[in-house]
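Start counting the sequence shown at 1; every next residue gets the next number (full-length UniProt numbering).
Don't read these hints as lab results, they were simulated from the structure.
Note that beta-carbon positions come from the ideal geometry of N, C-alpha and C, so glycine has one too.
Check before you lean on any hint, since a few could be wrong.
Simulated restraints on C-beta separations [claimed, not checked]: (1) D167 / D97: 22 to 28 Å; (2) G15 / A112: 16 to 22 Å; (3) D140 / H71: 42 to 48 Å; (4) D124 / I33: 38 to 44 Å.
Pairs of lysine to aspartate or glutamate, EDC-like flavour, derived with a Cα cap of 16 Å [unchecked claim]: (5) K154 / D167; (6) K86 / D167; (7) K78 / D119; (8) K174 / D90; (9) K174 / E213.
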Amino acid sequence: MFGAEDDGMQFQPDGYLLMFHPDLLRNTPLGRIMREYSFFSYETNEALHLSVEERQIIMDCFHKIQYELNHPIHRHSKNLITDSIKTFLDYCTRFYDRQFITRDNQNRDILARFERLLDEYFHDGAAKRIGLPTVQYCADKLCLSPNYFSDLLKKETGSTALHFIHDKSIEIAKTELASTDDTVNEIAYNLGFQYPQHFTRLFKKEVGYTPNEYRAQVS
Numbered sequence: 001m002f003g004a005e006d007d008g009m010q011f012q013p014d015g016y017l018l019m020f021h022p023d024l025l026r027n028t029p030l031g032r033i034m035r036e037y038s039f040f041s042y043e044t045n046e047a048l049h050l051s052v053e054e055r056q057i058i059m060d061c062f063h064k065i066q067y068e069l070n071h072p073i074h075r076h077s078k079n080l081i082t083d084s085i086k087t088f089l090d091y092c093t094r095f096y097d098r099q100f101i102t103r104d105n106q107n108r109d110i111l112a113r114f115e116r117l118l119d120e121y122f123h124d125g126a127a128k129r130i131g132l133p134t135v136q137y138c139a140d141k142l143c144l145s146p147n148y149f150s151d152l153l154k155k156e157t158g159s160t161a162l163h164f165i166h167d168k169s170i171e172i173a174k175t176e177l178a179s180t181d182d183t184v185n186e187i188a189y190n191l192g193f194q195y196p197q198h199f200t201r202l203f204k205k206e207v208g209y210t211p212n213e214y215r216a217q218v219s
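Could you put together the complete structure from these sequences and hints?
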């Protein structure tokens with residue numbers, strides 16, 4: 001989809017569109033990993049911006065697919081077409097990795113905003129009222145799609161958005177366990193856990209001790 005201001009001139013978009021029926025990928029190696037290409041769920045403002053060299057590589061992929069479509073179908077056609085589509089998608093993944101790196105300053109700003117968002121969420125008692133913040137909630141607040149947000153965090157920190165949220169809740173829990181007399185159940189509910197046993201299980205997994213064991217150590 002292209003957009004332009006209405007200046008009285010007719011706008012003619014120019015480009016390539018790759019469309020294929022799901023049956024083309026059925027029972028193929030590509031069909032089994034299609035869900036791994038998370039950029040299909042990105043928003044339009046998170047689109048990939050190609051360099052001249054990258055654009056040529058993408059065009060070569062299109063030309064190979066077009067070549068197969070313009071020639072009589074034979075027993076190798078399906079494999080050649082699906083292999084070319086996979087190559088195209090793999091290049092898109094590589095170029096998105098490059099884009100994440102070259103937008104380092106912008107990404108650091110998003111990380112800082114995310115941390116402030118979590119601080120405010122827990123400080124204002126939102127967790128107690130509506131539960132732990134979800135990845136969808138955080139992405140919406142940052143004006144990003146959940147997939148793009150998660151991929152950005154993974155590239156920048158090595159951690160998923162959900163792990164980031166859990167880490168924040170554990171850090172707050174440590175402070176509460178060390179500085180208040182609140183019960184473990186009260187702390188769990190205040191942090192947005194519907195079931196205290198889920199909080200205890202997560203705490204033990206991340207810290208190596210149960211909340212009560214940790215409290216005994218720091219008291």
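Comparing the hints with the structure gives:
1. D167 / D97: 22 to 28 Å: 24 Å, holds
2. G15 / A112: 16 to 22 Å: At roughly 35 Å between Cβ atoms, A112 and G15 fall outside 16 to 22 Å, so the hint is violated.
3. D140 / H71: 42 to 48 Å: 47 Å, holds
4. D124 / I33: 38 to 44 Å: Holds: the Cβ-Cβ distance is about 41 Å, inside 38 to 44 Å.
5. K154 / D167: Between K154 and D167 the Cα gap is close to 14 Å, so the pair holds against 16 Å.
6. K86 / D167: 36 Å, violated
7. K78 / D119: 52 Å, violated
8. K174 / D90: 42 Å, violated
9. K174 / E213: Holds. K174 to E213 sits at ~11 Å (cutoff 16 Å).
The structure fails to meet hints 2, 6, 7, 8 from the earlier list, while all remaining hints are met.
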